[in-house]
Amino acid sequence: MKHLRWIPFLRVVSLLFILAAGGLVLLAEQQLRQIQDILPANSQWGVVNVGGLTVEQARQRVLAIYLSPIELNYQNERIQASAERLGFRVDLPDNLENFQSNSSAFSFWAYLWNKPQQPKVLPIEFSLDETQLRAYLQDEIASRYDISSIPPLPLPGSSRFSTGVSGRHLDVEASVARFQGVLRDPFNRKIELVVKHEPASQVGSNLLKAVLINELKEANFNGIAEIFAYHLTEQQVVHFAVADGQEVSAEIAFSAASTIKIPILLTALMQIEPPFPDEFIRMAERMMVYSENPPADQMMETYLGSTLAPLKVTEFLQNAGFRNTFLAGYFYLGAPLLRRFETPANQRVDINLNPDVYNQTTAGDMGQMLRAIYSCAESNQGVLVEISNGQLTSEKCAFLLEMMKRNRIGVLGQAGLPEGIPFAHKHGWSEESDGLLHTISDAGIVFGPQTDYVLVIFLYDPQQLLFEPANMLMARLSQRIFNAWNPDFQVEWNFGKFQYR
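Take the sequence shown: its position 29, counted from the start at 1, is 29 in UniProt numbering, and no numbers get skipped.
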C-alpha cells in the first residue's frame, strides 16, 4: 500500500520533467530561429568576412567595402572618386537567397547537440562599365589635369626661340586595365593612373615659315626669295616663296649656277667604282670645294663622254623626277647650247626671272635631291639607288657629301651656323649678261647636334643683288632654322638691325 502512495507523486514529477523538456525544446527552437538569421563564424562573401552578421548586415558590409571610394593618383595629384561614378556594380540579390537557404538548412538536432555551424562561402558578382569609366577619366580627370606641350616660340629681336614646355596626358586605355584589379581586391582602393609625358614639340612648320617670312620683311628685302627646309628626323617640311614681301607659289625657276655641280658629280659616280682614282678625287674637290668650272667640264668629258655629256646629266635628273632641273651645256665660255628645255617652273606666267638657259633648278628640286642623297648615304635606299640600278651606293653618296662638307666658305648659310657644325653644301652665284649679280643660292645638309636637315635658300634681285646684305640675310635665315630644330644648342650672332636696302 505504501508503494501505491508514491505513484501519483511520480506521475506529477514525470509530468513536470516532460513539461520542462518541452519548454527547453521550445526555447531551443526559438533560439535556433534567431540564429538562423546569423551567418556562421568565418563566413566569407567574396573576400569580406561576414561571420556573426545577419544576411542584411552582411549585404550592407559587402556593399560598403566594394563600393567604397577609390583614390586615383595622377602623378602627385590625388582624387577621391565614388566607385559607382566610375562604373562599378555589385549584384547581390541572388546571393542573399543562397545565404538564407544555406543558413536554414542547419538542423535542429545539430544545434541542440551544440554542433558548430559550417562557415558559408559565396562569390561576389560584380561588373565594371568600361564605357562609363572611360567617360569619367576623359571628362573629369584628363580634361582637368592633362597639360599640352608648348613648342618653342620666337623671341622678339632675336634669332633664338624660347624653351618649349613639356606636357603630359592620361593614357585612358592603359588606366582602364588597372581598374580590373580593384574589383578583385576591394581593400586596395588606390589606383596609379597611367600618365604619359610629351616632350616639348618642335617648332611647327607654319610657325617657322611665318618667322622666316617676317625676317625677310624686317630686312626690307623686296626681291624674290624661295626657301626649302626639311627636317630629316620628323619629315617636317618648310617650303615657300616670297616676292616683294608677299607670299607667292613656290617652285620658281632660278639659275642653278654652281649648285648644278651636285648632279654632275652624282652622274659621274654612276660610271666609276671605288677606290676612286686620285685624278677623279682631284676633279671632285676642285669643282665642289673650290667651285671651279673647268674640272666640272673635265669630269663630264672623262666619265660621261662626248659633247652631249650635259644632256646625260639632265636625263639622269629627269629619270629621278627632278623635272625643273637641267644642264644644257658645258661651263666653258662659248659652249654651245645643246638643247632648250621647257620646265613647269620656267613656263610660269606669273614669275619669270630670266634664268640661265644653260642650267636651271628650283629650291624644291634641289631640296628633294639633297634629301635623296642623304637617304642613299645613310641607308643605301631611296630614289637614287633605285633609278641607278645600284650604281649609286651609300659609299658613293657619302663621298659626295664629304666633298660638300669641305666647302667651308664661312658665308651665306654657313655663316649662321655654330662653328664646327658640319654643313655639306654647294653655293652658287654668277654675273649675268648685264654684268651684275642677281641670284645667289646655298643648298646643303646641316648635320646638327639634335637633328639633320636640308637647307636650300635662293635670293634674287631684279635690279642688283647686293652681296653683303644678302649674305647677312641668308645667314640670319639659316640661323633661325638651326635654332628652331636644335633648341638645346641655340646660337645668336649680333647681326644688328639691318636693312637690305
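Please keep in mind that the hints were generated in silico from the structure rather than gathered at the bench. One or more of the hints may lead you astray.
What follows is a set of in silico ranges between Cβ atoms, one per label pair, in the way DEER data are often shown [said to hold, decoys possible]: (1) ALA210 <-> PHE489: 45 to 53 Å; (2) LEU436 <-> ASP146: 27 to 35 Å; (3) PHE187 <-> ILE421: 40 to 48 Å; (4) SER201 <-> THR131: 26 to 34 Å; (5) ASP146 <-> VAL289: 51 to 59 Å; (6) SER68 <-> PRO199: 20 to 28 Å; (7) THR54 <-> LYS190: 27 to 35 Å; (8) GLN318 <-> GLY420: 31 to 39 Å; (9) ASN214 <-> GLN381: 32 to 40 Å; (10) THR131 <-> ILE421: 25 to 33 Å; (11) LEU436 <-> SER166: 46 to 54 Å.
A quick note: this is a predicted structure, and the numbers were derived from the prediction, not measured. Note that the Cβ used here is the ideal one computed from N, Cα and C, for glycine as well.
Hints versus structure:
no. : hint                          : in the structure
1   : ALA210 <-> PHE489: 45 to 53 Å : 23 Å, violated
2   : LEU436 <-> ASP146: 27 to 35 Å : 58 Å, violated
3   : PHE187 <-> ILE421: 40 to 48 Å : 60 Å, violated
4   : SER201 <-> THR131: 26 to 34 Å : 31 Å, holds
5   : ASP146 <-> VAL289: 51 to 59 Å : 52 Å, holds
6   : SER68 <-> PRO199: 20 to 28 Å  : 38 Å, violated
7   : THR54 <-> LYS190: 27 to 35 Å  : 31 Å, holds
8   : GLN318 <-> GLY420: 31 to 39 Å : 38 Å, holds
9   : ASN214 <-> GLN381: 32 to 40 Å : 37 Å, holds
10  : THR131 <-> ILE421: 25 to 33 Å : 53 Å, violated
11  : LEU436 <-> SER166: 46 to 54 Å : 51 Å, holds
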